[in-house]
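K.L.:
Spelled out, the chains give:
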Amino acid sequence: MTTQSTAEPRPQVQELDRVTIRFAGDSGDGMQLTGTQFTRTTAAFGNDIATLPDFPAEIRAPAGSLPGVSGFQISFSSNDIHTPGDAPDVLVAMNPAALRTNLADLPPGGALIVNADAFTANNLQKAGYAENPLSDGSLKDWNLFEIPISTLNARALDGLAMTSKQVDLTKNFFALGLMFWLYERSMEPTLRWIEEKFSSKPVIAEANARALKAGYAFGETTEIFHTHYRVKRASLPPGTYRNVTGNEATALGLVAAAQLAGRQMFLASYPITPASDILHQLSTYKHFGVKTFQAEDEIAAIGAAIGAAYGGSMGLTSTSGPGIALKTEAMGLAVMVELPLVVIDVQRAGPSTGMPTKVEQSDLLQLMHGRNGDAPIAIVAPATPAECFDYAIEAWRIALRYMTPVAYLSDGFLATGSEPWKVPSVADLPSIAVEGWTDRETFRPYRRDPETLARPWAVPGTPGLEHRIGGLEKADLSGNISYDPENHHRMTQLRHQKIANIANDIPDLQVYGPSRGDLLILGWGSTYGAIRSAVERLQAEGHAVAHAHLRHLNPFPRNTGEVLGAYRRVLMPEVNMGQLRLLIRARYLVDAVGLNKVRGKPYRIAEIEEAARLLLTEGAAQ
Amino acid sequence: MTAETLPVLTRKDFVSDQEVRWCPGCGDYSILAQTQKTMPDFGVPREKIVFISGIGCSGRLPYYMATYGFHTIHGRAPTIATGLKAARPDLMVWVITGDGDALSIGGNHVIHAMRRNVDIRLIMFNNQIYGLTKGQASPTSEIGKKTKSTPQGTVDRPIVPLSVALTAEATFVARSVDTDTAHMQETLLAAGHHRGSAFVEVLQNCVIFNDDTFAPFTAKDVREDRMLVLRHGEPLVFGKERDKGIRLDGLRPVVVELGKEWSVADLLVHDETAADPTLAYILSRLTYPDFPVPVGVLRRVQAPTHDALIEAQMAEALAKRGPGDLGKLLLAGETWTVS
Ligand code: SF4
Numbered sequence: 238m239t240t241q242s243t244a245e246p247r248p249q250v251q252e253l254d255r256v257t258i259r260f261a262g263d264s265g266d267g268m269q270l271t272g273t274q275f276t277r278t279t280a281a282f283g284n285d286i287a288t289l290p291d292f293p294a295e296i297r298a299p300a301g302s303l304p305g306v307s308g309f310q311i312s313f314s315s316n317d318i319h320t321p322g323d324a325p326d327v328l329v330a331m332n333p334a335a336l337r338t339n340l341a342d343l344p345p346g347g348a349l350i351v352n353a354d355a356f357t358a359n360n361l362q363k364a365g366y367a368e369n370p371l372s373d374g375s376l377k378d379w380n381l382f383e384i385p386i387s388t389l390n391a392r393a394l395d396g397l398a399m400t401s402k403q404v405d406l407t408k409n410f411f412a413l414g415l416m417f418w419l420y421e422r423s424m425e426p427t428l429r430w431i432e433e434k435f436s437s438k439p440v441i442a443e444a445n446a447r448a449l450k451a452g453y454a455f456g457e458t459t460e461i462f463h464t465h466y467r468v469k470r471a472s473l474p475p476g477t478y479r480n481v482t483g484n485e486a487t488a489l490g491l492v493a494a495a496q497l498a499g500r501q502m503f504l505a506s507y508p509i510t511p512a513s514d515i516l517h518q519l520s521t522y523k524h525f526g527v528k529t530f531q532a533e534d535e536i537a538a539i540g541a542a543i544g545a546a547y548g549g550s551m552g553l554t555s556t557s558g559p560g561i562a563l564k565t566e567a568m569g570l571a572v573m574v575e576l577p578l579v580v581i582d583v584q585r586a587g588p589s590t591g592m593p594t595k596v597e598q599s600d601l602l603q604l605m606h607g608r609n610g611d612a613p614i615a616i617v618a619p620a621t622p623a624e625c626f627d628y629a630i631e632a633w634r635i636a637l638r639y640m641t642p643v644a645y646l647s648d649g650f651l652a653t654g655s656e657p658w659k660v661p662s663v664a665d666l667p668s669i670a671v672e673g674w675t676d677r678e679t680f681r682p683y684r685r686d687p688e689t690l691a692r693p694w695a696v697p698g699t700p701g702l703e704h705r706i707g708g709l710e711k712a713d714l715s716g717n718i719s720y721d722p723e724n725h726h727r728m729t730q731l732r733h734q735k736i737a738n739i740a741n742d743i744p745d746l747q748v749y750g751p752s753r754g755d756l757l758i759l760g761w762g763s764t765y766g767a768i769r770s771a772v773e774r775l776q777a778e779g780h781a782v783a784h785a786h787l788r789h790l791n792p793f794p795r796n797t798g799e800v801l802g803a804y805r806r807v808l809m810p811e812v813n814m815g816q817l818r819l820l821i822r823a824r825y826l827v828d829a830v831g832l833n834k835v836r837g838k839p840y841r842i843a844e845i846e847e848a849a850r851l852l853l854t855e856g857a858a859q
Numbered sequence: 022m023t024a025e026t027l028p029v030l031t032r033k034d035f036v037s038d039q040e041v042r043w044c045p046g047c048g049d050y051s052i053l054a055q056t057q058k059t060m061p062d063f064g065v066p067r068e069k070i071v072f073i074s075g076i077g078c079s080g081r082l083p084y085y086m087a088t089y090g091f092h093t094i095h096g097r098a099p100t101i102a103t104g105l106k107a108a109r110p111d112l113m114v115w116v117i118t119g120d121g122d123a124l125s126i127g128g129n130h131v132i133h134a135m136r137r138n139v140d141i142r143l144i145m146f147n148n149q150i151y152g153l154t155k156g157q158a159s160p161t162s163e164i165g166k167k168t169k170s171t172p173q174g175t176v177d178r179p180i181v182p183l184s185v186a187l188t189a190e191a192t193f194v195a196r197s198v199d200t201d202t203a204h205m206q207e208t209l210l211a212a213g214h215h216r217g218s219a220f221v222e223v224l225q226n227c228v229i230f231n232d233d234t235f236a237p238f239t240a241k242d243v244r245e246d247r248m249l250v251l252r253h254g255e256p257l258v259f260g261k262e263r264d265k266g267i268r269l270d271g272l273r274p275v276v277v278e279l280g281k282e283w284s285v286a287d288l289l290v291h292d293e294t295a296a297d298p299t300l301a302y303i304l305s306r307l308t309y310p311d312f313p314v315p316v317g318v319l320r321r322v323q324a325p326t327h328d329a330l331i332e333a334q335m336a337e338a339l340a341k342r343g344p345g346d347l348g349k350l351l352l353a354g355e356t357w358t359v360s
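So the protein lines, in turn, are chains A and B. The opening residue of the first sequence carries number 238 in the working numbering; numbering runs sequentially from there. The opening residue of the second sequence carries number 22 in the working numbering; numbering runs sequentially from there.
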């Protein structure tokens, strides 16, 4: 903050607990970058944060069009927060299309900052506005700030050897600078980033830095904003933090798992939204002994991963729902040959191609049951972006210890959303190493560990253990082909029991709130934040409401039935039509009530709160 | 590897304890026997050899080999082999497949394994029929073929396996016949000693569903006149009397009689090591009855293998960045400390 005193009246500083900002503009306007920079700065400042990017599926939708709008929402607070915010307090709209697609989310009275220069006849028409909303009075319910961002920015860059188009591309930094001023953030981290990023292009670096500073100075020197805001540091538990998206945390967790297991990791993948970033990131970790392979298709990817697993590596494949559909036969093979394998599914809205960039939790039943035959696999699902790290390791722990495929279910919200992550110390991470089998005297391809029922991992290259495996039913112990009815029955039971036994080895389902009460809200995956916030609000009002969140979806924690039975009602919000609810009802005969929304968006806290209130009042009326 | 861990192996060392269950008289027996016979020649210990198969009658072969074996799913053996070889460059990997497995359901994978020069030996048993599912048309069945699924004859034009392998950039492409055991051994040996993607088509007789389909040119009494045995560096001569040959008229191959208008000097000379696959492709198009059916090695060229290229990148990354430090990686980027 500047300390120089001026004659002009200083804007007032108002302290807030929590602020939610949404940056929205054309996908060519650099909104994701703006959002990310604001996030890094805010995270490093020490606020608790949660972010939600929202980008179009089209790589280059026509400029200024409604489908081309890209958004990034960040919520930051001096308290512990769990979601990117139900509704923004501030909307930064860089063009009419961004205004039109986002305005409905901005509550009346919210701050609306627009780039007035972008409201040209042409852009208004592309956004479907008959009248200019800036002048027709339709925005009177909001606190409107019309700023000629393009013009001001161009003026700041005057004299640089750049085309007007290049100049225009930097206007997002002007907006960012303005927001930095408005919320008392330092420009330093972004200035450093610009310097590094454009070190070989000094003119571009200079332009972006100037744009950023100009936006900041504009806030400081004009009197448009009477107030600027302060959101104090959050009191997070002590430790070193960094901001991570779910995909980043997943990739880091996978590398960590390889190190903890002391084995080569082999990721075979086929590009698919929103999972590709895991492939991108792991392909830069070769110095950790991680091999990556971009296969010709989804089936080849899982095939190669199984081949690597057969050879003693940590075979891994990453994809989204349509990819899982293609991999199902091979997953059945992995069940049959009982090799460790992790299948990462970053879920997106389906069916079919669906809405690739939008969130959904609708692959659970596909992974649970989507194979021919009785072919159980273990399933884990992280609840927050940071938790993706832990569950990537947990997926591997189970896969290696039980010699089984494990599905790891993330989703588009976790994958691209971010939050502060308390970086663990490597020494505190669990050891998940397992030994390969080498003893030829006692070797039988399908003998089993009495506790885990895992078969030996006898990899090619081990002398004396030459044996054959395959997708045909195995004779117990010898692994030879068998059509014996009794043997098939026994082997099916063993495969089932092996997965069921994992329940002995995972933590109990934890309950947040009273251990008995009127209502339990049970969730899984990325609904965690909204459910937790809703439950906090209801508890603050004195309701006997608790939250439980399943991270192990197959098998369930051993106390799940007990927890479900301790509440009068059970509410299950899911971003699908009730997939976990089906499993829970079938398994525990509990009359759980579903809250089901599939709009390609995460739940808002209020939606869950409302559904919970309804059940609470129903209960009271009985 | 010390000398004592490398005992001299014989065919018997590669015979597993499993009872062979193909139909009596099936061409697969001969392929299995030649495969077992050639194994000792490679000097690779048994535990370092892996046979990976897909689905079909051919898919059973790994069970009969006393090596490591993996009978996988339909069409996907090349993918599993690709992953295994990339993860474990020290292993010698064979893929056993059939015409339906390799060129119908698994066509995509064969193409990509070949173009990547994955160091695998892919042996495709071509019997021009689906045997295990009891007799439907395969992608190599001749047009018009009447089968259970095509009672009026198939309307699908057949695919030429060798042409596919060549256009997919396989670095080794060869063909042999189940009935010619000596030639098959020779071919398997050449494939086994090759480094890179080897594609071997074995014309295999299915006695049950497509008996004698190759007999018109493979039968003992006619084969010398109707087949062309390719030898590197030698002119394309064939016939019982060695009196016929193949010459090129522009890019068009023609059969000529030797001794009158044409002499051996006019014939095309086979060069399996030619970098340009054009001549090999022309050979792959020769079909009976217009031409003698070529057998032998069509192409054998050296190129960096997939696993070697991967290892080179691993080494490069390691040299550039040093061994990865997990603690540092987790703390990379912008961090802040709360005390
Ligand atoms: S069906 Fe044909 S290919 Fe299959 S085992 Fe019998 S003879 Fe051989």
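Read the hints as simulated data drawn from the structure, not as lab findings. In this text, all values refer to a predicted model and were calculated from it rather than measured experimentally. Careful, some of the hints might be misleading.
Stated by the list, open to error - Residues from chain B that face chain A, not an exhaustive set, calculated with beta carbons under 10 Å:
#  : residue
1  : Asp38
2  : Val41
3  : Phe63
4  : Pro66
5  : Phe91
6  : Arg97
7  : Ser125
8  : Asn129
9  : Gln173
10 : Tyr302
11 : Ile303
12 : Gly345
13 : Gly354
Claimed, not checked - With a Cα cut of at most 20 Å, we get these calculated SDA-like pairs of lysine to any residue:
#  : chain 1 : residue 1 : chain 2 : residue 2
14 : A       : Lys450    : A       : Gln518
15 : B       : Lys349    : A       : Ala740
16 : A       : Lys363    : A       : Phe292
17 : A       : Lys469    : B       : Lys349
18 : B       : Lys341    : A       : Lys450
19 : B       : Lys69     : A       : Gln518
Yeah, the Cβ is synthetic: ideal placement off N, Cα and C, and Gly gets one too.
K.L.:
Are the hints correct? Go through all of them and say.
P.N.:
For each hint, the structure was consulted:
no.	hint	in the structure
1	Asp38	holds, 9 Å
2	Val41	violated, 12 Å
3	Phe63	violated, 15 Å
4	Pro66	holds, 7 Å
5	Phe91	holds, 6 Å
6	Arg97	holds, 5 Å
7	Ser125	violated, 14 Å
8	Asn129	holds, 6 Å
9	Gln173	violated, 32 Å
10	Tyr302	violated, 22 Å
11	Ile303	violated, 28 Å
12	Gly345	holds, 3 Å
13	Gly354	holds, 6 Å
14	Lys450/A / Gln518/A	violated, 32 Å
15	Lys349/B / Ala740/A	violated, 34 Å
16	Lys363/A / Phe292/A	holds, 18 Å
17	Lys469/A / Lys349/B	violated, 29 Å
18	Lys341/B / Lys450/A	violated, 37 Å
19	Lys69/B / Gln518/A	violated, 32 Å
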